[in-house]
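Novice: Protein sequence lines, in the order shown, are assigned to chains A and B.
Residue 180 in our numbering sits at position 180 of the first sequence; the count goes up by one each step and never skips.
Residue 91 in our numbering sits at position 91 of the second sequence; the count goes up by one each step and never skips.
Hints in this document: simulated from the structure, not taken from any laboratory.
Mimicking EDC-like on lysine to aspartate or glutamate, the simulated pairs with C-alpha atoms at most 16 Å apart in a straight line are:
(1) 183/B / 6/A
(2) 183/B / 165/B
(3) 183/B / 15/A
FRET-style restraints, in silico, Cβ to Cβ:
(4) 188/B / 32/A: 22 to 28 Å
(5) 19/B / 36/A: 49 to 55 Å
(6) 63/B / 104/A: 50 to 56 Å
(7) 36/A / 140/B: 18 to 24 Å
(8) 3/A / 198/B: 16 to 22 Å
(9) 58/A / 177/B: 31 to 37 Å
(10) 14/A / 20/B: 26 to 32 Å
(11) 95/A / 30/B: 45 to 51 Å
One side only, chain B facing chain A, incomplete, derived with CB under 7 Å:
(12) 45
(13) 65
(14) 73
(15) 139
(16) 140
(17) 162
(18) 201
For every residue, glycine included, the Cβ atom is placed at its ideal position computed from N, Cα and C.
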Amino acid sequence: MSRHDDRLAAYAFGDLSPEESSRVEAELAEHPEWTAAVEQFRSLRGDLTRLRDVPECQLSPERMRDAILRREMGDRAKPSRRLGWLIGPAASAMVMAGLWVILSDASPNPTELRIRPATSTMAKLPTSVSIPETASLLAMDAPPAVAPRPVASRTTPRTSPSRATSAAMVIETAGPSVRLASRDLPLTSRGDSGDRSANLVTDVPLPPVASAMKPTGESGLRPVDVAKDPTLASPEDEGIVIIRPEVDAATGARSASEVNSNEPIVFGG
Amino acid sequence: MDLAMSLSGQLIERPIEGDSDELLVSRAREGDYQAFETLFVRHRTLVFRFVYQMCPRRDDAEDMVQEVFVRAYQNLHRYRDEAKFTTWLLRIATNLGTDRARMSHRRQALEQQEAGSGLAWMTIGEHDDPIANLESERRVLALRRAMEALPIHHRNVIILRDIEEREYTDIAEMLNCTIGGAKLRVLRARRALRDRMIPFMEDQR
Numbered sequence: 001m002s003r004h005d006d007r008l009a010a011y012a013f014g015d016l017s018p019e020e021s022s023r024v025e026a027e028l029a030e031h032p033e034w035t036a037a038v039e040q041f042r043s044l045r046g047d048l049t050r051l052r053d054v055p056e057c058q059l060s061p062e063r064m065r066d067a068i069l070r071r072e073m074g075d076r077a078k079p080s081r082r083l084g085w086l087i088g089p090a091a092s093a094m095v096m097a098g099l100w101v102i103l104s105d106a107s108p109n110p111t112e113l114r115i116r117p118a119t120s121t122m123a124k125l126p127t128s129v130s131i132p133e134t135a136s137l138l139a140m141d142a143p144p145a146v147a148p149r150p151v152a153s154r155t156t157p158r159t160s161p162s163r164a165t166s167a168a169m170v171i172e173t174a175g176p177s178v179r180l181a182s183r184d185l186p187l188t189s190r191g192d193s194g195d196r197s198a199n200l201v202t203d204v205p206l207p208p209v210a211s212a213m214k215p216t217g218e219s220g221l222r223p224v225d226v227a228k229d230p231t232l233a234s235p236e237d238e239g240i241v242i243i244r245p246e247v248d249a250a251t252g253a254r255s256a257s258e259v260n261s262n263e264p265i266v267f268g269g
Numbered sequence: 001m002d003l004a005m006s007l008s009g010q011l012i013e014r015p016i017e018g019d020s021d022e023l024l025v026s027r028a029r030e031g032d033y034q035a036f037e038t039l040f041v042r043h044r045t046l047v048f049r050f051v052y053q054m055c056p057r058r059d060d061a062e063d064m065v066q067e068v069f070v071r072a073y074q075n076l077h078r079y080r081d082e083a084k085f086t087t088w089l090l091r092i093a094t095n096l097g098t099d100r101a102r103m104s105h106r107r108q109a110l111e112q113q114e115a116g117s118g119l120a121w122m123t124i125g126e127h128d129d130p131i132a133n134l135e136s137e138r139r140v141l142a143l144r145r146a147m148e149a150l151p152i153h154h155r156n157v158i159i160l161r162d163i164e165e166r167e168y169t170d171i172a173e174m175l176n177c178t179i180g181g182a183k184l185r186v187l188r189a190r191r192a193l194r195d196r197m198i199p200f201m202e203d204q205r
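Given the sequences, and given the hints that come with them, work out the whole structure.
Specialist: Written as C-alpha cells, this is what we have:
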C-alpha cells in the first residue's frame, strides 16, 4: 500500500518521468478509486506552494558584520581550552590558602596594649620600637622613621644599638587582634604629666592572652608570657601603662584609655 | 583596480557582483570580508525562506539566518568546492534548525504567530469572498500545524523539495545520502504529512 501510495504521490508531485507518468495514468484509468489519493496529494502540493509566501528578509549587512565581529571578539576573549582545566584547581587552591590564612590569624583575644620604657635588660636588646628615654609611659614624638610595624618587625627587626634607650612594646590581648591603626598613627596620652604622643602602628594579629613581644636577636620578636618572664615588669610596676582601644559606637571614632587610671588616650593628630 | 577594506583593515581587491560563489569564498578565506558580504547579500533570502518555514516568525528566522552566516564565516576553511555554496549553506541551516527544533521554545512562538495572523484572515486574502479567504487561510494554518507536528527530518525534506523546490542532488548532498535515499525520504515525509492532513481534508468535503 505504501509503495503504491508513493508512486501516486510522486505522480501528483510531478517527480516521475513522462514515461512513468503515462503508466500511472493508464493504471488510474483502470482503478478510478485511486483518484482520491491522487487528489489528496495534489491538494497537498497546492497548499505547500502557498507556504512559499514569506516576508522579506530584513537582515542587513551591517547587522551581519556586527554579529561576526562580536563573535570573533568573543572567541578571542575566551580562555584557552588547553589551560581551562587549570581554572578549577587554581580557584580551589586560592580558597584553601585564604581559609588557612584566616584560620591561622584568628586568635581569640584583642585588645590591650601596653607600652613601657625599657628595663635595663630590654635596653640592650634590639627591639622594633625605639622611643627616646626622655619619653615616659607612652613613647613620645617617636620619629616616623622608627615607628614600628609589628609585622615587619617580627621578621626583620630594626636594631638601633646607638640608642640604648629603647623601649619594649608589651601587648596584652583579649581577642583575635588589635587594630589600633592601619598606618602610622599618632598616639597621645593626656595625664597629669601633660600631653604626650607617639607614632603607633598596630594592624596585625596579636598573640593570645597576656603576652609580650620580646626581641630574639636577629630572628625578630617572639611572644612571651608577661607573668612568667622575669625580664618584664608586672603591670603594677611604675612606668608601665596599659591602654584599652575602644571604638565609639555612635561615631566610629577610635580612642583608648589607660586601664589602671582610666584616663583617656586620644588617637589622632 | 577597485580596492576595498577587509575587516582587519587590509586593502584588497573589491569583489564584483558577477563573481562566482567559489571565487568569493576563496577571497573571503583570504580575509576579504566584502567578498563574504557579497555572498551574504546574494543568498540571505534563500536561507531566510528555508528557515522561515521552520520557525515562521520573522525575528526568529532572521536570528537563524544570522547564525547560519556566522557559522559559515567561521567555518569557511571547511567548505569544499565540490558542493555548491548554497547547498553548504542550507546544510548548515538544516543542522541549526534541527538543533533548535529539539528545544522547547517553539510552541510559544507558534501561538504568538497564530494570534498575530488571526486578524490578517479577516483583512487580507486572495479571494474577494471573505468566506473563501477564511477557508483558504484555514487550510494553510492547518498545513502549518501539520508541518510543525512532523518530525524534523520529515519537515526538512518537505521544505527543501516541495516548498523550495531543490533538486534531489542538492538534497542528497545536504542530507549526506544518495539521491535514491533522498527521494525515499521525501516520499515518506509526504505520506506522513498527508496522513496528518487527511482529517482536515475529509472535513472539507
